[in-house]
Structures are given as structure tokens and as C-alpha cells.
Amino acid sequence: DSGVTQTPKHLITATGQRVTLRCSPRSGDLSVYWYQQSLDQGLQFLIQYYNGEERAKGNILERFSAQQFPDLHSELNLSSLELGDSALYFCASSVALGGGGGSYNEQFFGPGTRLTVL
Amino acid sequence: DQQVKQNSPSLSVQEGRISILNCDYTNSMFDYFLWYKKYPAEGPTFLISISSIKDKNEDGRFTVFLNKSAKHLSLHIVPSQPGDSAVYFCAANQNSGYALNFGKGTSLLVTP
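So the sequence lines, in the order shown, correspond to chains H and V.
Using the numbering used here, the letters of the first sequence correspond one by one to residues 1 to 118.
Using the numbering used here, the letters of the second sequence correspond one by one to residues 1001 to 1112.
Hints may be right or wrong, so weigh each one.
So these bits of chain V aren't anywhere near chain H, every CB distance computed over 12 Å [to be verified]:
{"#": "1", "residue": "Val1013"}
{"#": "2", "residue": "Arg1061"}
{"#": "3", "residue": "Lys1068"}
{"#": "4", "residue": "Gly1083"}
{"#": "5", "residue": "Asp1084"}
Residues on chain V that point at chain H, a partial pick, calculated with CB under 8 Å [as the list claims (entries may be wrong)]:
{"#": "6", "residue": "Glu1042"}
{"#": "7", "residue": "Phe1046"}
{"#": "8", "residue": "Leu1100"}
These aren't lab readings, by the way, just hints derived from the structure by calculation.
Using N, Cα and C, we set each Cβ at its ideal position, and we do this for glycine too.
Just chain V, same shape as in the assembly (with noise of 0.2 Å):
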């Protein structure tokens, strides 16, 4: 049972171009929601989170944005770069919960 979705399997996107990935869930007790981005041959590596008492969360050019009503969030890379060219999953997890749940990520393409 997948209660984190991530709907597009891959994506691409022209260099200085905003990316837009987004990941939908379905567990209503998740409260902190987390963006791993992973290289081939690499462990998924810390992007950035956000906690549900939030709706945005910024750190350059990476944001995440999350809509509680609509159990949706997205993350937004501006400007996208050739090196953000990778998988990104979408996490999330309850507060008395150790486990990542994890979407089954999306392929980002960025092209020069």
C-alpha cells in the first residue's frame, strides 16, 4: 500500500527553467515530509523538509511547498540546473513514526 505517490516517473526541463515535482499522499498523520535527491551508483541524499505546520519551506533554489487540504506537495527548483539531473523522492513520516515512507521518485532531466 503506497501512501506516498509520486505520479510522474520522469520529467525534464531546460536549464535556467523552473522544475515543478510533485508527490501526493494519503495518510492523514504524516507531519513532516522530506525531498531526497539520488545519483546513480549513490544513497538518496537530504534535499529539504518541511514540517505540516508550514505550507513553504525555502533554501536557495530548491522550495517545497505543501497543501495539507489536498494532501499534495510539490518541490520547485529555480533555476534549474544540468547538475540537479537526478531521482528525487518524496519522504514522509509521523512524529511517533521512525520509518521514511517513501514515493517511488521521479527521473529529473535537465537539459543545457
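If we strip away everything but chain H, and leave its shape as in the complex, we get (with noise of 0.2 Å):
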């Protein structure tokens, strides 16, 4: 158990529909990184908050967007919802910014968030 929590495990959608991804990172972990993972796909970054700023974005798409919130827990916010959306969407966090290197840095995944959009 890596600490790092998210909700829904499952989440089963139809096209143009919008959903909320949940995560409530380690305790004491400042940082949240939001990660998608399609089908032969390796996981893709997506979004990063620190200490509820918007630290670095990846391959976002606009229909996309995330926030973290005072009590550190963050929300993935999918809208307009595509079949190609679907996919397992990971959450992540560590102490520190990230980068480099040492256990500040080293991002602790959750279980994931399975999507199917029908």
C-alpha cells in the first residue's frame, strides 16, 4: 500500500459526458502528479500541482484540468468525454517538487482509476 489513494477504482461513461477523478495523496506529500495510461501506451504525464499550484503540465488535453485543494487532495476534472479517453489514469505524489533525484523526490502511485467511456 503506497498511501496515495484515488476514487472511483472503476468508472464507466458515456461520450460527451464529464467525470471527476479523486486522489488524496501520502500524508505529508506536498506534491500531485496525474498520469494517463491507454491502451500500449506507457504512462503519459499530465498535470502537476505543488502544494495547490499548478507546477508543470504535460500532454493535457484543453477538455482536461485538474486542482488541489487546501487539504491537499486533488480532483482530475475529464469533460467532453471521448471513446480514446478511456484509459487507466494514475495519481502520484512525493514530498518534494520533484526532479532529480532522493527519497523527497520519489512519487508514491495509487491503485488508479480504470475509465471507459461507451
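Both chains are sitting in their own frames, so use the hints and assemble them into the complex.
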């Protein structure tokens, strides 16, 4: 158990809909990262928040947005869903900002949310 | 644009033998490399890492080798055990960057 929790575990929805994925980082971790794993793809970095502020952005679609709340949990909002958005969405957390090595930058992953868009 | 590549989708090894998982990268700015292990229905878990200033890092049965000139790293598992059966992801990042760049993973099966 990494200490990172994600809800829900599974989500089935229809095209055009909007969903919210939730992540609670490990106690004491200030950084939250979101990754997407599509079929036959590695994990693709979407976005990172550190202590409530957006710090880095990857290939995140404009239809997707995220935020980190004062209690440090994070939500990833996916809207106008398309079939191609079906994927595993992972949240990870670390103590520090990340980058480079060291235990403070190590990213701990949650179990993921499997999103199926029909 | 896949900057980290794992060209072998799967690998099968007998218990007790050595498992060698390979990874290539294209971005010469990467200076920190990691291996993650993933079981089904779980998130990836950190296994071992190496900084670009080293060419080898060892942790028990796991050793990672880095060849910067070839932009290649490998993970050696000796001896392999059935519990090592999982998907292994290679990842890399730059000290100035926060995101991990992952490969597509290699599925390792260790047979008794």
C-alpha cells in the first residue's frame, strides 16, 4: 500500500459526459501528479500540483483540468469525453517538487482509476 | 514522441536465472533514471534508480546499469523469482523537470 488513494476504482460513462477523479496523497506529501495510461502506452504525464499551485503541465488536453485543494487532495476533471479517453488514470505524490533523485522526490503511485467511455 | 523506449513487450525467464530488461532513451538531458514494477490492479511501485553520474546501482537482487554514451540502461534481476513476475517500467527525468517520462513497459514472467 503506497498510501495514495484514488476514487473511484472504476468508472463507466458515455461519450460527451464529464467525470471527476479524486486523489488523496500520502500524508505529508505536497506534490500530486496525474498520469494517463492508455492501451499499449506507457504512463503519460498530464499535470502536477505542488501545495495547491500548478507546477508543470504535460500533454494534457484542454478538455481536462485539475486542481489541488487546501487539504492537498486533488481532482482531475475530464469533460466532453471521447472513446479515446478510456484509460487508466494514476495519481502519484511526493514530498517535494520532484525532479532528480532523493527520497523527497520519489513518486508514490495510487492504484489508479479505470475509466471506460462507451 | 516516446523519449523512453522499452522495445521488448515481454520476457520469459526460468526461476533462478538472470532477467535482463532493457531501456533506451533519446533525450540527452535526462539525468535520473528509475525502474518501476507494476502488478495487475495496482499502481507502479518504485524499484531502483540511478543518477547519470553513476554507471551502476545495486540493491539486493536488482542492479541497474547505465550506459550514457549509448543512451541505454538495463535492469538485472538475479536470481529471478516467480514473485518478480510483473510489468516493469523504465522512467527518466531531468533534474530541472518534475514529470517522469515512462517507457511502455516490459512484462516479465518468471516460470518455476
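Here's how the hints hold up against the structure:
no. : hint    : verdict
1   : Val1013 : holds (22 Å)
2   : Arg1061 : holds (20 Å)
3   : Lys1068 : holds (16 Å)
4   : Gly1083 : holds (17 Å)
5   : Asp1084 : holds (19 Å)
6   : Glu1042 : holds (6 Å)
7   : Phe1046 : holds (6 Å)
8   : Leu1100 : holds (6 Å)
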